[in-house]
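Q: One-letter residues, chain by chain:
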Amino acid sequence: MKYDLVVIGAGPAGMSAAIKAASHGATVAIVDENPAAGGKLLGQLYKEPKTGWWIGREVAKSLEEKVKRLGIDYFPENEVWAIFPQWKVLLNHGEELHTDYILLATGAAEKAIPVPGWTIPGVMSIGAAQVLNNFHRVNPGKRIAIIGIDALSLTVANELKLSGAQVIGIYLPPPDDFLDRISNPQQMIAYLSSLADAAPNHFLKFAGKVTQNEFIQKVSAAFYPYRGMKIWGIPLFLRKSILEIEGDKQAEQIKIAKISRDGLPEMESVKTIQVDCVCISGGLYPLSELASAAGCEFAYINELGGHIPLHSQEMETTQTGIFVAGNITGIEGAKIAMAQGELAGTVVSDRLGLLKSGTAIIKKAQARVEKARENALIKFQPDIEKGRELAVQFWDERT
Amino acid sequence: MEIADAVVIGGGVIGTSIAYRLAEDRNVILIEKGEVGSGTSGACDKAIFLQSKQPGFPVRLAKASKEIYENLQAELEEPIEFKKGGGMIVIEKEAHLDFMKEFVKKQYKAGIDVNLLDRKETLAIQPALSETIAGSTFSTEDAEVNPLLLSQAFAAAAKRRGASIQTYTEVTGIKTQDGKITGVQTNQGYIATELVINAAGPFASQIAEMAGVGLTIMPRRGVILISEKVEPMINGNILCSQYMASKHFTSKSEKNAPSYGIGLSLGQTESGNLLIGGSREFKGYDRKVEPHVLSAIAAHACRIAPALNKIKIIRSMVGFRPYTGDGLPIIDWAREVDGFVVAAGHEGDGIALAPITGKLVTGLVNNDSKSSDLLEPLKMDRLQVV
Amino acid sequence: MRIKKHPILGKLEEKEINITFNGREFAALEGESIAAALLANHIRILSYTEKRQEPRGIYCGIGHCYECRVTVDGERSVRACITTVKDGMRIESQGESPK
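From first to last, the protein sequence lines stand for chains A, B and C. Read in order, the letters of the first sequence correspond to residues 1 to 399 in the working numbering. Read in order, the letters of the second sequence correspond to residues 1 to 386 in the working numbering. Read in order, the letters of the third sequence correspond to residues 1 to 99 in the working numbering.
If we strip away everything but chain A, and leave its shape as in the complex, we get:
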């Protein structure tokens, strides 16, 4: 089958791009291995300061309806096993999609924190817990501990509590050379207080406010109470970490220890607590295997979450005709992903000769990405701006 544009990934970026291009008259296909359209949207659920509840699955549903209305060919439960020049997209059920333009909107996956016992059933990534809880409507557990303190884990903790599960605490990962930033109490406090002014929801804002408290700031992490601070009823432990998860057939208990001011566990303080579920939040990284398979050039930009395909301001990679949008370009929120998708969809429409004053329309779409960034209150990566600057710099240096 021949298409003007083949989009890989039916998340916020991919669907937005497909809708944009199809509404300009392009023939578009979307592929996703998940049976449900929406990607990371599926689990999202939080209250925004101005607009009220952001229910990801409903946002996904409305995008999917647009996709269907525009006659876009949607291939759910299909994996891309190969991309060949110039360009063929091969699906595992045998379909072969031919196209001049591909958009890779493959999103992100979660980094693991390999705490001893992390493979026991009942231990799962925070994102898996979020989708189970908010999309499938099954509590991942009744007594849940969370490892890793960040915007996502705090948000999901609140969502779990909202649906009736008990979150017994949010803890630091065990101290480790590789996890310094997220296992160090002092750095965590600095990170959390940075959320105070910019948090997208009340819960995060509150977490930020607690740590912004003058007393805690002044005396630093050393005096943050071991018993933690409750944020809307959920204990946040900035000076305790989970050393191990135990259980024969499934997670049964966690071993926790106090963390000294130098960030080391105090072994005499080790205690055991019963749980039936442990969620691990290690942050996200861009899912870019397909870009690599297609021969795109990469840069490692820590601030954006990992290896990202180099791309122009028009979202095109170093491979002519292959575009990127969403988390594959760096870890940011859904609204930015949607704006990036629309930009990519616009640029492809222009290349196809479907736009009259393309340059101006592209400029506007670029401005909307910037606007979405300005309005983005949640920051998954602490130095995202620096990361974006580096990405532009790498691109410019190359061309």
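Be aware that a few hints might be false.
[What the hints assert, rightly or not] Simulated restraints, written as ranges between beta carbons of each label pair:
(1) 112(A) / 187(B): 21 to 29 Å
(2) 112(A) / 315(B): 17 to 25 Å
(3) 167(B) / 27(C): 54 to 62 Å
Everything labelled a hint here was simulated from the structure, so no lab data went into it. Where is the CB? At the ideal position from N, CA and C, for every residue including glycine.
Since chain A is already given, all that's left is putting chains B and C on it; use the hints.
A: The following block gives chains B and C in isolation, referenced to the frame of chain A:
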């Protein structure tokens, strides 16, 4: 600068086998541009087939090699997963029956215990095969080995004999003086030596050229699919008669032959992964495999063994088999310069012939008359373009 | 484990269907993943590792980690987290459980 009695170029099954034998009474350095066994020897199947070889000398050579295999694991004191699981050549079409009948007769005469089986007998041994096949030939003499372990084992045993295995080292030049080899230049340094063994497989021509030796060995690309681990479902190793046809004849000799030189080779590793081959194409050193080749290999395999239909492929591997044109390797002194031995061109038989190659090269270098009988048909001159 | 009533998302209204897991019958909701349906029935172990027969369950939830592989109607290595349940589906855990 280093000094060596012999420098072996290439750390695949052939090079390591040679290094091991030569190291018995020589100071040997083996040069490998990647990791031991990471080239052709790391991208092939594991079968040691006797019955697939052309009757006559090729069978004799393969048998001699197989004999060494019988005690090789004990000799090398390393695991190589050598097993005598038997081998089968599936006859897919009635049209291939006559050809295969004739083949079996000749093989039997050549001393290989091989039998022609009908459909029922075939399915009793390999229930994974299709009900529509015409029959098969089966030999209990066919065996298998883990090629990854094999080159590692040869290398480890060579080291124990004092050989130096230098990986991630590339040959950049070969020095000669007055028609004699004097040394090998690598990107890591210079080695003075009077004896060089070219075991560079598909890159043997380029190495030969560095010494001013003319040699035509072409890379013939083969692709193998690798499945997820599954319960044991294949007994021993399987080839199809189409494989035989594409191995021994050019594709022109048969109408409607599958494209890309496809013929089935199928086996299951100890850990449960299926190795599903394969194609034979001349594509230079291009590692980028077109999707159609992969699909065609899978489709051909599924037709012969429908049980493969629901099994997931986890990756594919690409290997360049060194092709001489007549299905036999070259093991011979170069004419142009003294001290340069070529031991390359085994194409798809490198695994089967690695043990004998080590011995033959040693025999050649030591001027041992016992080897001359097997070395005669492997001389370089036979391929000279007239 | 099911969140029948949610303060924001409201009531669950999906139709009930039947699946089997390792020969036992369980109820599932139309449209949900195999992993979610089994978890709702308190089943966490989906596969066992090959070498040490360690239990494994849902980890990433997006089809990336392959820890939740099950056999569905005879087809091996189906990812429970991104495969939708169907009425009458026969699901089996993959790998050998420890003796």
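Q: Are the hints correct? Go through all of them and say.
A: We went through each hint and held it up to the structure:
1. 112(A) / 187(B): 21 to 29 Å: Given range 21 to 29 Å: violated, Cβ gap about 38 Å.
2. 112(A) / 315(B): 17 to 25 Å: holds (22 Å)
3. 167(B) / 27(C): 54 to 62 Å: Given a distance of about 58 Å, which is inside 54 to 62 Å, the answer is holds.
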